[in-house]
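Participant: Now for the letters of each chain:
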Amino acid sequence: MKHTISVLVENRFGAFNRVATMFSGRGFNVHSISIGETEDPEISRMTLVTSGDDQIIEQVVKQLNRLIDTIKVVDLTGQPRIERELALITVFYQKGTRPELTNICDIFRGNIVDINNKTLTLEITGPPDKIDAALNVLAQYGIKEIARSGTVALKRGEQAKIQPKISTTKEKEKV
Amino acid sequence: MKENKQKMSGADIFFECLRKEKVEYIFGYPGGAVLKLYEKLYDVDFLEHILTRHEQGATHAAEGYAKATGKVGVVLVTSGPGATNTVTGIADAYMDSIPIIVFTGQVPTKLIGNDAFQEADIMGITRPITKHNFLVRDVKELAETIRKAFFIASTGRPGPVLVDLPKDVINSVCEFEYPEKVEIRGYKPTFLGHQNQIKKAAEMLKKAKRPLLYVGGGVIMSGGTRELYLLAKENNLPVTMTLQGLGAFPGTDDLSLGMLGMHGTYWANQAVNSCDLLIALGARFDDRVTGKVETFSLKSYKIHVDVDPTAIDKNILVDLPIVGDVKHVLAELASEMDEHPDISDWWKQIEKWKKECPFELDANDGKLRTQFVIEKISEKTKGEAVIVSDVGQHQMWIAQHYKFVHPRSHLTSGGLGTMGFSVPASIGAAFGVKDRPIISISGDGGFQMNIQELITAVAHKLPIKFMVINNSFLGMVRQWQELFHAEKYSFTDLSKSNPDFRKVAEAFGLAAFSTDNPKEVESLLDEAFAINDRPVFIEFKVVKEDMVFPMVPAGASIGEMMTKRLNPKTMV
Ligand SMILES: Cc1ncc(C[n+]2csc(CCOP(=O)(O)OP(=O)(O)O)c2C)c(N)n1
Ligand SMILES: [Mg+2]
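Protein chains in written order, with the working numbering: chain B, 36 to 210; chain P, 70 to 641.
Because the hints were derived from the structure by calculation, they are not lab data.
Check each hint, because a few of them may be wrong.
Calculated cross-link-like contacts (lysine to any residue; reagent style SDA-like; alpha-carbon spacing at most 20 Å) [claimed, not checked]:
# : chain 1 : residue 1 : chain 2 : residue 2
1 : P       : K449      : P       : D322
2 : P       : K383      : B       : K130
3 : P       : K383      : B       : S59
Ranges between beta-carbon positions, derived for each pair [to be verified]:
# : chain 1 : residue 1 : chain 2 : residue 2 : range
4 : P       : Q521      : B       : E72       : 43 to 51 Å
5 : P       : F553      : B       : G87       : 26 to 34 Å
6 : B       : E72       : P       : G139      : 39 to 47 Å
7 : P       : V527      : B       : A55       : 44 to 52 Å
8 : P       : P622      : B       : P76       : 41 to 49 Å
9 : P       : E252      : B       : F48       : 15 to 23 Å
Computed from the model, here is a short list of chain P residues facing chain B with C-beta under 10 Å [claimed, not checked]:
#  : residue
10 : K89
11 : V113
12 : M192
13 : F203
14 : R226
15 : G255
Remember, it's a predicted structure, so these values are computed and weren't measured experimentally.
A virtual CB, placed ideally from N, CA and C, is assigned to each residue, including glycine.
Construct all of the structure, not just a fragment, from the sequences and the given hints.
Facilitator: Printed below as a string of structure tokens:
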């Protein structure tokens, strides 16, 4: 099963690499990783989408916690959360298909952000399955290139808490 | 205030930090990127620098020192090849949770990434094999980084930390201030086991019929051997130890079942599979211990005490996890035990297993065997020596036959299984421990992997007893070839290509002996132990094709041990 894990890490040389190295070294799956600064410039937030059975996910969370540069690890799966991904999709068009593509873009609440005589580029934002759905529809027109940002996610409402089972190591930090 | 603070160079700050951390020894090797540090070292008098003859030797020496003393081992090497030569030792320390700090020189910050002369991305290389690593980009961060390095290496589950020091950082100056305390927001290593969980463990133990303590190296690292002893003694509990756990509980005590796992005792493994309560203490259910996980100790309720949450539920799912300092948990658990379990039937069963399949010691055929040599060393030293083994058959025979009575006495590369560990690690141990004999025991293969360090021992007149168990084979590999690889002894026979070890040792300046006669062993040991102003070498020429039993074949259940050689063709 897919899990979305939010990790606060020190915004510092090598911190991202440490997480990536740990994932490859331990053979954990990664479907997407995204990283960016937070409200605190010393802290970055990574959003990881991974998969595995319960025992593996428990190990993923624990191993993330074990890294010195990680401040807080939250498995958002099963919790009320907002998940978004951004995709830039360049598709081929012909005279006749351009209105159709504009229409599809509207249905997915996207924007057309670039156009030339052969292709146009759509920007679509949403939960990952919405992006998948858009890509499915667009496939028939011929997709030239795709860039996906990977998922970013936040827990809804109140302050996110880390899972009790691994809380022993790093429960101190509030962000 | 600020104006009063002294400006110091990075190199001076470096040594001031080591002074504050009370470092006694640095194991190292100089080179271009660390010349400034060696310039200062020339006049430093509060610590001793030990020049090894290879950077791998320096890391193993630091491991030996750390493991024998519980202090942090310190290594200093140059950039590029100096740094890459430390990799095996760092990986070894990572697998066996040994606190060492490796300081590596680095090319100047401006040149990093340019393929400069003697540049290696040692940060990238060691990221997966260090507990943490640091690149110091500014001399202002140097003191705090060193403080953090010591803190991280020595707390929680210990491990190696690497600190990369660019040349310009060492040369620049700033005000020196050593932080009193370190705060790392993502690292809170000390915590105590949950009280309710400990109470629950005590309840389980009180009503257990067939309890077993499964003790790993974590008990020694936490300093909890006394607490373990009291818990076991007061409740009459059988104790089995992992390779790294040996010494946590006296091997001479009736409650000790010896080692468990692949080459563990028959009775320990039977006990693991028949117990109704298994209490794992600072151990990690390594595959060499569990054998086939699907059949591992199926009848037991499992309690796992470990300071590292990742160790729990990694290989074996347990019923009651207790994350915390093992020493503390042991003490609490013992104090909760207001009644003791009644386990006399369980002990009868264990005694029965002991008789069923004892170790076969000596064939009485006049040939010299490793088991016999180890027994004699154990008797001679009363189990009180620091034994530094290498990797292979001799290592397993030591684990089986040396009766360790003290913690921090069995130094061996368990997790990584690094041949070449023993010689340099024993040197580190000899600097840390002066009141007990230090014995390095290697195979004829592994001895040649860091043989250059003999001169380091000679140079410092260390009274180490270097022993080689010469079976003219890469014995452990040969054993697997015989058992599982169609008797194809591919590249494991060294009988025509070993050097004359005694002469080699003599050339290095050791007092050197060699024997193949069991009758000579005791007198040779006496002679060797009488020499204490320099290192001594003894070669034991043992039978060639002996095998370590009992054995759980890789991937088999620990209940199914091979107890003796079945192939009559290869009987020796
Ligand atoms: C650095 C390294 N290379 C290879 C191995 C694989 N290996 C494990 S045991 C062994 C044989 C060791 O032979 P020897 O040192 O003579 O000891 P013996 O088994 O004969 O006692 C080998 C090659 C290893 N553990 N470490
Ligand atoms: Mg050998």
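Participant: For each hint, tell me whether it holds in the structure or not.
Facilitator: Hint check:
no.	hint	verdict
1	K449/P x D322/P	18 Å, holds
2	K383/P x K130/B	59 Å, violated
3	K383/P x S59/B	17 Å, holds
4	Q521/P x E72/B: 43 to 51 Å	50 Å, holds
5	F553/P x G87/B: 26 to 34 Å	32 Å, holds
6	E72/B x G139/P: 39 to 47 Å	41 Å, holds
7	V527/P x A55/B: 44 to 52 Å	46 Å, holds
8	P622/P x P76/B: 41 to 49 Å	56 Å, violated
9	E252/P x F48/B: 15 to 23 Å	19 Å, holds
10	K89	21 Å, violated
11	V113	29 Å, violated
12	M192	6 Å, holds
13	F203	9 Å, holds
14	R226	9 Å, holds
15	G255	5 Å, holds
The structure does not agree with the numbered hints 2, 8, 10, 11 stated previously, though it agrees with the rest.
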